[in-house]
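A.B. asks: Spelled out from the first residue to the last, the chains are:
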Amino acid sequence: MKALNDRGVELEIREYSDADFFPERCPICNKRDIIRHTYKIRTIQDLGAPHLCRRIRYERVYFKCKACEKVFAIDHPLVGKNSKYMPGVIEYAATRVLDREDSIRRVTRDLNDLHHVEVSVGTVENWINECGEKGEIPEDFTEEDPPPNFSGFISVDGTFKSVKLKKNDLKTGQ
Amino acid sequence: MLATDSINKNPIAGALVAGESKEETLFFLTHLKQWIKKPLSLVTIDFSTRILSGLEEVYPHVPIQKCVFHAIQLLTRGYIKELTRIKRTRLLDHIKEFTLLRRKSLDIEKGKMLKIELNLNFSDTQHSRSMYKSLHKILSNTSPTIIESKLIEFFAQQDFRAWKGHELFLESYKKIFIEHNFTFSRKSLKYIIPKLYKAWRAAIRGLRKDLERTKTIFNKAKYLVLMNPKNMEPFHRRELRKCLRIFPWLRIYRKTLVKFYYQFNISPEKRRPLKFLTAILSEHSHPWLNSAVHTLIENEENIFRYQTFLSPKTHTLPSKSIKVVKESANKTLNRLYRTQCGMRTIENLQMRISQRLSCPIIVSPSLKEKLNYQSKFN
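Chains as they are written, first to last, in this note's numbering: chain W, 1 to 174; chain B, 1 to 378.
You may find that some hints are simply not true.
Dumping the calculated DSS-like pairs for lysine-lysine here, alpha-carbon to alpha-carbon at most 27 Å [claimed, not checked]:
#, chain 1, residue 1, chain 2, residue 2
1, B, K370, B, K81
2, B, K370, W, K134
3, B, K104, B, K33
4, B, K259, W, K134
5, W, K134, B, K33
6, B, K96, W, K134
7, W, K70, W, K81
8, B, K209, B, K187
9, B, K133, B, K81
10, B, K33, W, K161
11, B, K133, W, K161
Calculated directly from the structure, the hints in this document are not laboratory data.
Since the model is a prediction, treat every value here as computed from it, not as a measurement.
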């Protein structure tokens, strides 16, 4: 750990490597004769605290099977594939936006200011769309499983809200 | 539109619809029926006739329970409207008449008009106007001695003594001669006459202030009258007693409401028909109260039908859960709406609500049509 800047924010660097999960067998020929071939270093941003900036120094290792001479990589259990952010950061943003009713902009600001994660609004929006499974609008419940432990007693109610749609939204034809 | 499991207390499914019409209810309930597959034991709804007609079409043999919370809300909303109407007719119009009277008197003194032409409905304001007329007649004389003698005569009259503002007027009148040392003379008349008119205005201002104080007390009383006796603290009871002493005509409203609340705490055999609610109705009653009372009387069987029920696991449960539409899901939606985040495209709206309530949400074709929605997936 060392001081990062004048504001007293400390930088914490953790090191993760695929070599810690050295594969036992080649995924192609299933032989045990595997060697370390090459590597690539990637810096991944993790959720920090107001006075602590967390970064992951991730070593992406490519292995080589001596038998079939194929080069392959493994999926690290803690690091997302090709992601610049740790899964915890994405989960944090998704929870705040989808469960805690926070706005994407506010969450982005908090991530940048309080958690020292450099991220743009567009990126957070993409995470939310992915986590919220945004897609085609359903007109029936066929794709959903029926509710478990349904008691047979229901209440039906409505609430009225006027929703302003985006101006010039192509999808609404306005 | 949202369907909630009354026992497990979690939202089952929802639909974004263009309005609470029969067609939209049919759309939602038809899909819900196809999806759930299990038969329904009971459906709790509010007093919406459109939801009811849709429900009767999709689930013709399912017993329908009218929500107890909405029943109480319906009556208390009618009460609020009625009490606001009473406040307006008894207090606000009265205050307004005093304000108008003051303005007209100023116009007369400035020479803009000759007499007060106002349709006054309250005896107070009518009396004040007649006092002003008499005062104006006396002060139209030119001789100071005649004015003085006539004023003394006027103050001794029974009519003046009966005027509510006479004490305030006399107080201001005395001040003119004590503080400023005026005596009735031709020279001092031009100072005394405006001060006498001012004294009359001070008197009606005093009467108006009294009314405004009464109005403030009434505003407090309004909410005390509406309180459920179960939720009242001793402090509330004391305050309510004070208010009912000031406004005795509110007793009938309070008594009827307490009786109505009591019906929910007793067994169905002991319950009285809701016809007693008509005691608070008159030909001038607010239409909301009128309609609330009649709706409650029409639906009383559906409101009070279950006091306890057997759960699917054959345990007897208190009926409160099945008798009340779960409003907390609606509150969650309202909170989500207040943040106004991600609510500006239907896709976002559907995603946010579905995630927040943890239940599937469908969108009605009529809403899509209304918004001229074109899916990017087509």
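A.B. asks: Taking the hints in turn, state whether each one holds.
C.D. replies: Structure-based check of all given hints:
no.	hint	verdict
1	B:K370 <-> B:K81	34 Å, violated
2	B:K370 <-> W:K134	21 Å, holds
3	B:K104 <-> B:K33	69 Å, violated
4	B:K259 <-> W:K134	51 Å, violated
5	W:K134 <-> B:K33	25 Å, holds
6	B:K96 <-> W:K134	58 Å, violated
7	W:K70 <-> W:K81	20 Å, holds
8	B:K209 <-> B:K187	35 Å, violated
9	B:K133 <-> B:K81	38 Å, violated
10	B:K33 <-> W:K161	25 Å, holds
11	B:K133 <-> W:K161	57 Å, violated
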